[in-house]
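Using the sequences provided together with the hints, build the complete structure.
Numbering (full-length UniProt numbering), first residue to last: 1 to 127.
One or more of the hints may lead you astray.
[Unchecked claim] Capping the alpha-carbon separation at 25 angstroms, the derived lysine to any residue pairs in SDA-like fashion look like this: (1) K42 with G82; (2) K45 with L75; (3) K42 with D15; (4) K45 with P81; (5) K108 with T93; (6) K108 with L44; (7) K108 with D16; (8) K42 with P109; (9) K45 with S66; (10) K45 with G31; (11) K42 with D78; (12) K45 with A103; (13) K45 with V9; (14) K42 with Y110; (15) K42 with P81; (16) K42 with G31; (17) K108 with G65; (18) K45 with Q64; (19) K42 with V116.
Think of the hints as simulated: they come from the structure by calculation, not from any bench.
Only a predicted model underlies this, so the values are computations on that prediction, with no experimental measurement involved.
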Amino acid sequence: MTDNPEQPVVLLVEDDGLLLMEASDTLADAGFTVLEATHADKALKVLENRDDVGVLMTDVDMPQGSMDGFALARLVADRWPGIPVLVVSGMGTPGPNDMPDGARFIPKPYEPTTLVRTLRACVRRAA
1 MTDNPEQPVV LLVEDDGLLL MEASDTLADA GFTVLEATHA DKALKVLENR
51 DDVGVLMTDV DMPQGSMDGF ALARLVADRW PGIPVLVVSG MGTPGPNDMP
101 DGARFIPKPY EPTTLVRTLR ACVRRAA
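This is the structure in structure tokens:
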């Protein structure tokens with residue numbers, strides 16, 4: 001586990017390089033440790049090889065990889081139930097069965113402060 005339970009390791013899954021960089025910088029500036037993955041398959045490799053991931057933040061629409069962000073969110077909730085999930089998307093709001101129980105959603109574009117506040121809330125609720 002991390003030294004600071006308020007600022008866990010965030011696994012950030014985003015296929016858009018600019019958005020990945022911006023979100024990563026925002027979260028790092030807020031004190032989070034950020035691991036980056038450009039699609040779901042890379043994210044799963046990170047999760048299988050590390051035990052310190054404290055929260056998953058994933059985009060929905062990722063053309064690369066074997067699944068979209070909703071499928072990744074459901075898989076993570078199933079295999080790693082202790083990891084809270086935040087889903088972000090510019091494609092509209094999720095349907096009733098898209099997200100796992102307890103997952104949060106933020107539409108894009110989002111304000112950096114909203115991102116940080118929502119991630120912290122995810123972590124607090126999971127603690």
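Hint check results:
Taking the CA atoms of K42 and G82, the gap is about 20 angstroms. The hint holds against a cut of 25 angstroms. A threshold of 25 angstroms between alpha carbons decides the hint, and for K45 with L75 the separation of about 13 angstroms falls inside it, so the pair holds. At roughly 11 angstroms between alpha-carbon atoms, K42 and D15 fall within 25 angstroms of each other, so this suggested pair holds. Under the criterion of a C-alpha separation no larger than 25 angstroms, the hint pairing K45 with P81 is consistent with the structure, at around 17 angstroms.
Our distance criterion of 25 angstroms between C-alpha atoms is met by K108 and T93, whose separation comes to about 10 angstroms. The hinted pair formed by K108 and L44 meets the criterion: a straight-line CA distance of about 23 angstroms does not exceed 25 angstroms. Annotation: proposed proximity of K108 to D16 holds, straight-line Cα distance about 12 angstroms (limit 25 angstroms). The hinted pair formed by K42 and P109 meets the criterion: a straight-line CA distance of about 24 angstroms does not exceed 25 angstroms.
Under the criterion of a C-alpha separation no larger than 25 angstroms, the hint pairing K45 with S66 is consistent with the structure, at around 13 angstroms. A threshold of 25 angstroms between alpha carbons decides the hint, and for K45 with G31 the separation of about 24 angstroms falls inside it, so the pair holds. A threshold of 25 angstroms between alpha carbons decides the hint, and for K42 with D78 the separation of about 18 angstroms falls inside it, so the pair holds. Only pairs whose Cα atoms come within 25 angstroms are accepted, and K45 paired with A103 is accepted, the gap being roughly 21 angstroms.
This hinted pair checks out: K45 and V9 have alpha carbons roughly 15 angstroms apart, not beyond 25 angstroms. With a C-alpha separation of about 24 angstroms, the suggested pair K42 and Y110 falls inside the 25 angstroms cut-off, and the hint holds. At most 25 angstroms may separate the alpha-carbon atoms for a hinted pair to count; K42 and P81 meet this at roughly 19 angstroms. Proximity of K42 to G31 is assessed by CA-CA distance (about 23 angstroms); at most 25 angstroms being required, the pair is judged to hold.
A threshold of 25 angstroms between alpha carbons decides the hint, and for K108 with G65 the separation of about 21 angstroms falls inside it, so the pair holds. Only pairs whose Cα atoms come within 25 angstroms are accepted, and K45 paired with Q64 is accepted, the gap being roughly 15 angstroms. With a CA separation close to 23 angstroms, the supplied pair K42 and V116 stays within the 25 angstroms bound.
Checked against the numbered hints given earlier, the structure satisfies every one of them.
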